[in-house]
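Asker: Listed below, chain by chain, are the residues.
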Amino acid sequence: MQPAKIEITDLSLRFGDRTVLEQINLHLPAHQVTAFIGASGCGKSTLLKCINRLNDLNELCHTLGSVYLDGEDIYQKYYDLPELRRRVGMVFQTPNPFPMSIYDNVVFGLRLLGVRKRHKLHEVAERSLRQAALWDEVKDQLNRNANELSGGQQQRLVIARALAVEPDVLMLDEPASALDPISTLKIEELITELKQSYTIVLVTHNMHQAARVSDFTVFLDQGRILETGRTRDLFTNPHHKATEDYITGRYA
Amino acid sequence: MRLGSFRQDLLWLWFCGSMLLLSLMLVAALLLLIGTQGLSHFWPEAGEPQRLVRFLQNIWLFLSEPPRENNQAGGIFPALFGTITMVFLMTLLVTPIGVLAAIYLSEYARQNLMTRVLRIAIYNLAGVPSIVFGVFGLVFFVYILGGSVDKLFYSEQLPTPTYGTPGLIWVSLTLALLTLPVVIVATEEGLSRIPKDYRSGCLALGATQTEMLWRVVLPMTTPAILTGIILAIARAAGEVAPLMLVGVVRTASQLPIDTTFPYLHLDRNVMHLGYHIFDVGMQSPAGSDVMPLVFAAALILVTLVITLNLTAIIIRQRLRQRFRQFTRHH
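These protein sequences, in sequence, are chains V and G.
Number 55 in the UniProt record's numbering belongs to position 55 of the first sequence; there are no gaps in the numbering.
Number 126 in the UniProt record's numbering belongs to position 126 of the second sequence; there are no gaps in the numbering.
Pulled out of the complex, with its shape left as it was, chain G reads as follows (with noise of 0.2 Å):
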């Protein structure tokens, strides 16, 4: 009797270990896959003098060259520029959005149903498939948004559209919808760790709530803040499928920002890196010799989401470790 669950246990243990480590050999495929035949791209023919040399220029000429041979060849240049350019302004409208609605949320409001119930709808936002996004980005940003713009203010183009279609703006509003979730949710995670003593302390030296708030709260908050744009950042900058509807194109002849006037042009279609990885897949067939360019982009796409979600973490780490010396004596 004893012997049979003894055995049961070690039956579960090893069940269990094989599964952890089938999951460890898919990452560590995806990893080495994407490693190696990325990195084999850059890597100079056999014979060549200063390979080293030679590897890292590749390296430096994918980033900054644009591709070629209808994104057949060349480097990825207006895609890496892009994401970066439309990532960068979601960033801009999403932390102010998102930690001001977590601070009415947590601070303000009262805590009630109706608090509760607002709370769980935002929370469910992330779990929303992000094309759906993509639609409403069409929809109401594009065509809605978009279209009143231009009624209002490039009347004398019409009916050639200049907001009311596909552009950067539209696509990193789309981002920022689709990551407002993450910063109000790790605000307000952040917000709720600051000990009551802190706030009661605050008040009774005369501060209002907005003082409290912002000479004591928020700057204890702001690693949880971080945290959660980081986390949007990472999120933002793997997502294709809802940007294709509001500005993602597959070859773009101009990038958007340049030296003519206004420098940045928030109408214009962008290239984005996810979609060129998608588009020169696509078009290369099994044992194609392009497939080595979608690895090497797929790599430079792995290293800056993995590069941001590192940060991410290490930011959180002190967080809790300046948390720890706060309530030290408490």
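The following block holds chain V by itself, in its conformation from the complex (with noise of 0.2 Å):
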């Protein structure tokens, strides 16, 4: 087995009363895609957003277990969240760009690192935007507004935002729930691409594609951990009835 990035212990969580995650315990490989699969509500999301902990922005949430991000435990007393934000980048499901120009949605995470000079970020903009597949087609109108992208062109904006910031991790929650399929099938060309240089983790509704990019996959059913393993085992043969019918859309 790879070297984990990223390990979960005995994670629970709850939001006041409502017990959302039980007992998870993973561990998530370097420059490997782990795919979380399940129906609605079953915590995939929740998961993903343990990883940067914002959850904590929700004052109901309430977090018990550990998280290792490099063998550090980043649930310990003071932790720094914007750094770990910084180092776990996330993409949100409905694309997210910021009421302002594409150059300067890019930039934004550099921004507040304090890189003001201008070469530097003209660079990593230039870059980042190549990583998302998106720098042909922005190219010469960096100065437009960024909500006058299409869907698909604002969700690998948000990537290559995530990306300036050069993080380790890189988290997307259902990234292409809310495109159309060639929009889908860049993102999807793009995590592939992507998984040489980042960790990624991908929480997903759609099988095919989690059969298609990830190299693992974790099976998430109320709150719990069912089966986890490698993307070619767990979907050619499920250990569970559970997985078994929830992979070939039998779930009820």
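These are calculated hints, taken from the structure and not from any lab test.
Since this is a predicted model, take the numbers as computed values, not measurements.
Heads up, the beta-carbon is just placed ideally off N, CA and C, and yes, glycines get one too.
Among these hints, one or two may not hold up.
[Said to hold, decoys possible] Listed next, with one range per pair, are the computed distances between beta-carbon atoms: (1) V:D80 <-> G:E156: 24 to 32 Å; (2) V:H205 <-> G:Q8: 20 to 28 Å; (3) G:G147 <-> V:L64: 51 to 59 Å; (4) G:L24 <-> V:N143: 42 to 50 Å.
From the two separate chains plus the hints, produce the assembled complex.
Answerer: Below is the structure:
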């Protein structure tokens, strides 16, 4: 097995009285794509947001257990959350570019870090947009408002924005669910491309997508991990009846 | 049976329709009366040459000259100037306080019972009769705050008070207190309308909460804040009663801003357009020739407030359009 980039041990999470995640133990290998699959409300997105501690925004959220990033417990007291979130980038289900120009969107994270030098910003903007396969489409209109781009372009812009701060981990929460098939294909190609340099965690509802792009698959059911393994094995030879039903579309 | 209910519908339609008509007629009568009477004050006598030029000249003179003959004639300059000065100062005071308080309430405070009670209390401040603010201003600002300032910094002039007496700064502070809920409510509403995606997207990039607020959330809230400020200004420009207690007078010998150091005199009494109208109106018996003066001053005040309200409406409209653009793909 590859060395673990992220190690989750005995993680449980509840919102108020409602338990959302229970006893999660998981290890995510570096430079691989891990897909979280499961029915709506099974806790996949919540589990994802445990890795950059975005659940903390919810006042009702209560977390037990630990998540280790490169061996360091990110749930320790006074942990530097902005630093954590720079290392663990995230792309959301609906494209959320900020209401500013394409360029300002891409370099947003760098400016947060205090980078002011023009050539440095330009360099990173171009590199990130190229990585996100958007450069050729927008290189002549970097000052255009990001809201004028199509949904698929916006999603790739948001990926570029996340890549610009050079994270170690990139998490994508159903990144293609709001997109048309062609944009979806582009995003999938991108994911395969990006795993050379990043550890990728992907939440998806699309079984074909999980099968196509991921190396490992985690199947969640009502807040618990029911089955996990290499995507190849899990999809061809699931151990649990529930997993088999879900991936073949007979889930009730 | 069916015909009966149909008639009932018709009756209600007529009833509601006529009430609407009545309201419209009342508003129209008010504007018409103030408009025609006010403008007729400026309209030159028949037979004068170049009547339109004279008409515009008269308006200019009315706006730029001080009142004469115990407010019975002349212009309204000191009153207009005073109103604008105190409202301007009020804006400088209420904007930072209101915006920061709203940010605390909706961004930092835990949304629990305590915060809800606090919010309700602030919202209800808008319903407190304005004269109560005047009394509070007189006791707290003038006597307590002003008195202490005098004891600390102007003790050589005591027993003659400097700040321990009604004056411009207390007028502006009282107005700021009065309009605080307007700004807080508008800002909070603006903040609550920013989609959650922008906030989490920003934090997920490694922004602190403060960076998220200043770089993404607040810029998007500016139109809402501006609307709040303009509504506050419109409200403040029309207030009279509470201000009479804290520094507005019927005649002031000096303007609050002049060429002697320190140029802006926060301790001076000021004139106010609303109070000027009240004063001139009270002094003029029915049919007196001072009445057109009252209407003319009222026309100026109404024009001022309506302009401000219209600006607020236009900004709010722009805000809605911008939001539609932001959320197009959501």
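Asker: Using the C-beta atoms of V:D80 and G:E156, is the stated range 24 to 32 Å upheld?
Answerer: Since V:D80 and G:E156 have Cβ atoms about 55 Å apart, the given range 24 to 32 Å is violated.
Asker: Just to be sure I understand the hint, the distance between the Cβ atoms of V:H205 and G:Q8 should be within 20 to 28 Å; is that true here?
Answerer: With a Cβ separation near 54 Å, V:H205 and G:Q8 fall outside 20 to 28 Å, so the hint is violated.
Asker: Taking 51 to 59 Å as the stated bounds, is the beta-carbon spacing between G:G147 and V:L64 within them?
Answerer: holds (58 Å)
Asker: Look at the Cβ atoms of G:L24 and V:N143 and judge whether their distance stays inside 42 to 50 Å.
Answerer: Given a distance of about 49 Å, which is inside 42 to 50 Å, the answer is holds.
When held up to the earlier numbered hints, the structure conflicts with 1, 2 and fits the remainder.
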